[in-house]
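Here the protein sequences line up with chains A and B, keeping their order.
Each residue of the first sequence is one higher than the last, beginning at 1 in my numbering.
Each residue of the second sequence is one higher than the last, beginning at 1 in my numbering.
Incorrect hints may appear among the rest.
Identical chains blur together in the list; that is why a pair holds if it fits in one copy or across any two.
To be verified - With a cut-off of at most 27 Å between alpha-carbon atoms, the simulated DSSO-like pairs for lysine-lysine come out as follows:
no., residue 1, residue 2
1, Lys-65, Lys-382
2, Lys-65, Lys-113
3, Lys-94, Lys-65
What the hints contain is simulated information worked out from the structure, not anything from laboratory work.
These are the residues of each chain, in order.
2 protein chains.
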Amino acid sequence: VVFPAGVDEVAGCLRAASEWGVPVVPRGAGTNLSGGSLPIEGCLVVCTSRLDRVLQVDPVGRRAKVQCGVTNEAVQRAARPFGLFFAPDPSSMKVATIGGCLAENAGGPRCAKYGVTLNHVLAAEVVLADGSVVELRGAEDGGLDLLSAFVGSEGTLGIAVTADLRLLPTPRRRRTVVAGFADLSDTMAAASGIVAARVIPAALEFIESGLLGVIAQSSPGVFPAPAAAVLLVEVDGEEGEVEHDADLVARICGEHRALEVRRARDQAEGEALWAARRAGYGYLARVSRSVPTMDVTVPRDRLVEMIQQARELADEHGLDLYAVAHAGDGNLHPAVPFDPADPDSVRRLDDFRWQLQTACLSLGGSITGEHGIGVEKLSGMKLQHSDEVLGGMRALRTSFDPGGLMNPGKVLPAGGGAW
Amino acid sequence: VVFPAGVDEVAGCLRAASEWGVPVVPRGAGTNLSGGSLPIEGCLVVCTSRLDRVLQVDPVGRRAKVQCGVTNEAVQRAARPFGLFFAPDPSSMKVATIGGCLAENAGGPRCAKYGVTLNHVLAAEVVLADGSVVELRGAEDGGLDLLSAFVGSEGTLGIAVTADLRLLPTPRRRRTVVAGFADLSDTMAAASGIVAARVIPAALEFIESGLLGVIAQSSPGVFPAPAAAVLLVEVDGEEGEVEHDADLVARICGEHRALEVRRARDQAEGEALWAARRAGYGYLARVSRSVPTMDVTVPRDRLVEMIQQARELADEHGLDLYAVAHAGDGNLHPAVPFDPADPDSVRRLDDFRWQLQTACLSLGGSITGEHGIGVEKLSGMKLQHSDEVLGGMRALRTSFDPGGLMNPGKVLPAGGGAW
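Please build the complete structure, drawing on both the sequences and the hints.
As structure tokens, then:
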């Protein structure tokens, strides 16, 4: 494991690895949820944690230049005094690095409104497999769009060392609305009604009963009384617009038979609701041996079916399921505790994972939303994509890294290997 | 020239061309401004104009599935009854095809607020050089992002035949503000002030005196009295927000010594201003032999310098210059009439074009904004990009099209040719 302190050192590591034929596994904070940053046999791990400086914030141009080992949170901190923020907000944002956000094309609750990392990166300085350093800029910069090809490539095309990020004006107001429902279909109908009413919420979270039970234990009294599901909605923007949207959201939830609708009185009460939602996962992690959080996406109008199928599959395999969905874009995250020391538990989890992917594809969805492919979903790739598309991805990868030394066995099988 | 009527026929054309080693030039409506759709010696032109159907509008999922020969305007027409629109708005949108918008990653006045085509395409069915048909979806779909690599590739990676487009809710209100200034720097300071005040205008057009003179002739009385430059600003959104933003825009223009600030009374008066701005270019085209519209981008705070340098260069070469800039993203469009039948006029234009590109790069800019590279800016590519980046683009192109038959000589030199 090497900890290079600058671009030259990253380039030197990759040049040496290339000469010696040693595979390279890039690593930021290691918060990745699909195993993309896991070391492989005989590899060199290149950890970017020392590249941790915000180099510049340009409030007029609304952009920041940062080293890629800096955390997402540090970028937010640097942007805040100028009334700006960086839109991607993965749950791991306190520790996740910008390099990792680029590698995974990270999203988060507010990405349905603001877009994913791809939409907020203007340029990246990247070290390629042979140690050469290239500046990749977007399509507007002329020629083929190597930057967009790079974002989301999970360390298989190179290591980003510096990035120019787009910053957005922080909305003047936010307001959180929470509503509990007795029925999943009513919950989703309310979510669809909010979208159809042309509100674009900053977040539209669908929390099902399993996770609600956990939240009730970890943060008692914060969420509405027992319900089959809860919608946690945040609207942001100008003052008048926000109050208008919050009223509309509350009314639509009421029209869809909400058991209880509560508008946070102020930003602090809103933040308490979000903190409770995040703390639910933390509590779950503390009381379980291991809790993988999965990541499948279906068209928004199939989300209830997806949740129901996920629950049936979990029951079938004797697993517990705790789920939240970003209802705006149909992205479901089932957390499924298991015991990694127990082969039977591992086998049941693997079967569940495979059947979950198959189910989401049969609903017209995708085996990933914002966690990437890594090693977790490698086998699902051949379910999702045609041979031609997989061949195209392989050709793209080879065009950046002819020797196949960058993060081999992630996203695509290592070398020219079969699936 | 072939006019295939469906995906199978496009695939058949490319399969045959591939077998016979015939280069293929894809063509939509031919509105491209950098020559990407111009035929080359001995090529097969594949024109997509018969693929002209909107296949589906899904108002709940806010997306449309269209054949790629359909016009941008037809998509807007199909979306309008649902209160939705497709964000990219190139000036040619009445006739430009969606396939062309994908190939050029088209933008338009409102792209500084809403983003370019890349941000609004969810999937594309693409015929590759060998006639195979692949479905490319975005990064969220898992694996390497071939869709983003394809968008903006100017016909060098394949031909898009079907596209899934993102639609946005039409803003409830728009308001246009126009302000005339005696000084370029004041004009730009006002534009920067608007951005700094955290207004995100739907359009922020900077029109300099040359084009203002033309507009005064083609649409007398619509624009403010003689000025060095005019800002034409459109804000959109919810009612309260729009009035607030329009007030703020007007006040900021006043604070920067505007000679006259006028708020359009209603949407019709706003549209008259935009129609006059577009008609200016039309008038210029009618009274000139040929008017290439160029396309360079600089950081927003260098736009005044860029305009001044463009004017000096035009004077030096005895050329007239009529320019508009999208001030939000520093994208300048000088229109420079010349006489294609006069070798001296052609030489002066070429010299001007080359020096304009050099100047914009020395200001930290890009030789293109939204018109692509095509053949017009092929030689500028080596000014802008390092050999490594150009090599990466060539490798990417080869990975899609090993035989180099798709639109050769556009974006990059044909074959492995030198610059």
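Verification of the supplied hints:
no. : hint                : in the structure
1   : Lys-65 with Lys-382 : between (37 Å within a copy, 25 Å between copies)
2   : Lys-65 with Lys-113 : both (24 Å within a copy, 21 Å between copies)
3   : Lys-94 with Lys-65  : within (19 Å within a copy, 39 Å between copies)
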